[in-house]
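Novice: Given chain A's structure and the hints, the job is docking chain B onto it.
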Amino acid sequence: MQFDMLAPGSHPDLVYPAYKSTVKRGPTLPPVAVHAPASLKTNLAAPSSLLLPFDADLTAQGDGDPLGEKIVVTGRVLDQDGKPVRNSLLEVWQANASGRYRHKRDQHLAPLDPNFNGWGKMLTDDDGRYRFVTIKPGAYPWGNHDKAWRPAHIHFSLFGNAYAQRLVTQMYFPGDPLFEFDPIFQSISDLAARERLVSRFSIDETVGDQMLGYEFDIVLRGRDATPFGL
Amino acid sequence: MTHPITPSQTIGPFSHEAWQWACAACTPAGADGMETITIHGMLRDGDGTPVNDGMIEAWSPGAATIEHERAHQLAGFRRVPTDDEGRFTLVLSRAEEASCEPAALVTVFMRGLLVHQFSAVFLEDDDLDRAALLRQVPPERRATLVARKSGPASYAWEIRMQGAQETVFFDYGGAP
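Sequence lines, in order, name chains A and B.
Read left to right, the first sequence gives residues 1 to 230 (my numbering).
Read left to right, the second sequence gives residues 1 to 176 (my numbering).
These aren't lab readings, by the way, just hints derived from the structure by calculation.
Predicted, not measured: the structure shown is a model, and the values here were computed from it.
Ideal Cβ placement from N, Cα and C applies to all residues, glycine included.
Any given hint could turn out to be false.
[As the list claims (entries may be wrong)] Listed below are the simulated EDC-like cross-link pairs for lysine to aspartate or glutamate, each with C-alpha atoms no more than 20 Å apart in a straight line:
1. A:Lys104 - B:Glu35
2. A:Lys136 - A:Glu215
3. A:Lys24 - B:Glu166
4. A:Lys24 - B:Asp84
5. A:Lys24 - B:Glu17
6. A:Lys24 - B:Asp47
7. A:Lys104 - B:Glu158
8. A:Lys24 - B:Glu158
[Claimed, not checked] A few chain A residues facing chain B, derived, Cβ under 10 Å:
9. Tyr16
10. Ser21
11. Asp55
12. Ala60
13. Leu78
14. Lys104
15. Leu123
16. His153
17. Asp217
[To be verified] Derived DEER-like restraints, expressed as beta-carbon distance ranges:
18. B:His3 - A:His145: 32 to 42 Å
19. B:Arg141 - A:Glu69: 47 to 57 Å
20. B:Pro152 - A:Pro114: 46 to 56 Å
21. B:Glu35 - A:Arg131: 40 to 50 Å
22. B:His3 - A:Ala33: 14 to 24 Å
Excised from the complex, chain A in its bound form (with noise of 0.2 Å):
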């Protein structure tokens, strides 16, 4: 597998003032470019014995149903070439529906679901698709400067088929009016590449009267993989 130098703003600023927790946390100095020795190639295997029966439907985790709008999100897990990143693992977690998560250091002031936990995480399958069933997360205030509002996300974490791979990254849903105003969202300077965070509606993946179906493709780094993905 190849990795190639980024186009510039591919990914966020790492000093980006608007968001505050930047100015002291993102490294100031470039990055020393390697070649990535044959080791990095290489990954985990997460045994699917680790994957609990619910851990793709994040409605199904409690006594009963969790409030909120149901919703299914689907997508496939790409390499720079386009070919599916098989087998891989993937983790996501994020807010109820009234944009509160179970975290100790979670002070917003909405309420818990007793039963919604907001995590889950789940295999790519031969086309490098996932698929899971959750509620649609709420939009919450984070404190960083007056009427701070995330829009409402689901973070994803993946970790492709090599370690250089790893991505951790943020969904968010079309049309959200908070997008021009979340300094998060807008430390990517490519107006595009912003966009590839945006999932899109889907009505074939609506599941009857049960839930609304969103697409999230996603492109990992890295090209020129063996069929066998590495």
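Specialist: What follows is chain B alone, placed relative to chain A:
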């Protein structure tokens, strides 16, 4: 045609519960009698302030094969949160003597870090002169990637996000 990548976004402050399963599943090395080393780490921001909401992942390909044979669930992989004092502890299987490979390839995540950073940790008593990855780093910055011996099978290492001793972070798109 080369497809453009999906951009990164910060892990934010609320990953702990979602990520905990892997912290638990990466069996502590040594439980099965393997030789281990322990890296006592510290994560600091540009002011030197400890980062108490970071996540550190370590990948040791050389140890993965051995740990797999010993039925570790996430062989070769470690994930640890930083604690209230910014500390983290990596207990790693020791694959061989005097290696020229890093003890672990390390990925750093935290709130306020919009793109996770790839680094690596080497041990000071390893064969650093032959370490191919380390030799690609400017000599004056190599020390930021070397953990210092602090006791028997025990090492100390600091990750500094900024400043004069800013840790080296890698871009793996370099030419061979």
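Novice: Confirm or reject each hint.
Specialist: Hint by hint, here is what the structure shows:
1. A:Lys104 - B:Glu35: Roughly 36 Å separates the two Cα atoms, so the pair is violated.
2. A:Lys136 - A:Glu215: The given pair, whose Cα atoms are some 13 Å apart, holds under the 20 Å limit.
3. A:Lys24 - B:Glu166: 12 Å, holds
4. A:Lys24 - B:Asp84: Satisfied, since the Cα-Cα distance of roughly 18 Å is no more than 20 Å.
5. A:Lys24 - B:Glu17: Measuring from Cα to Cα gives roughly 25 Å; hence the hint is violated.
6. A:Lys24 - B:Asp47: 7 Å, holds
7. A:Lys104 - B:Glu158: 27 Å, violated
8. A:Lys24 - B:Glu158: Given that 20 Å is the threshold and the Cα spacing comes to 16 Å, the pair holds.
9. Tyr16: With a closest approach of 7 Å, the Tyr16 of chain A hint holds.
10. Ser21: 3 Å, holds
11. Asp55: 9 Å, holds
12. Ala60: 16 Å, violated
13. Leu78: 7 Å, holds
14. Lys104: Constraint on Lys104 of chain A satisfied, holds at 8 Å.
15. Leu123: Hint violated; Leu123 of chain A Cβ to chain B Cβ min 14 Å, cut 10 Å.
16. His153: Check passed: Cβ of His153 of chain A comes within 8 Å of chain B, closer than 10 Å.
17. Asp217: 8 Å, holds
18. B:His3 - A:His145: 32 to 42 Å: 35 Å, holds
19. B:Arg141 - A:Glu69: 47 to 57 Å: 50 Å, holds
20. B:Pro152 - A:Pro114: 46 to 56 Å: Holds: the Cβ-Cβ distance is about 48 Å, inside 46 to 56 Å.
21. B:Glu35 - A:Arg131: 40 to 50 Å: 42 Å, holds
22. B:His3 - A:Ala33: 14 to 24 Å: Roughly 21 Å apart at Cβ, these two residues keep to the hinted range, so it holds.
Checked against the numbered hints listed earlier, the structure breaks hints 1, 5, 7, 12, 15; every other hint is satisfied.
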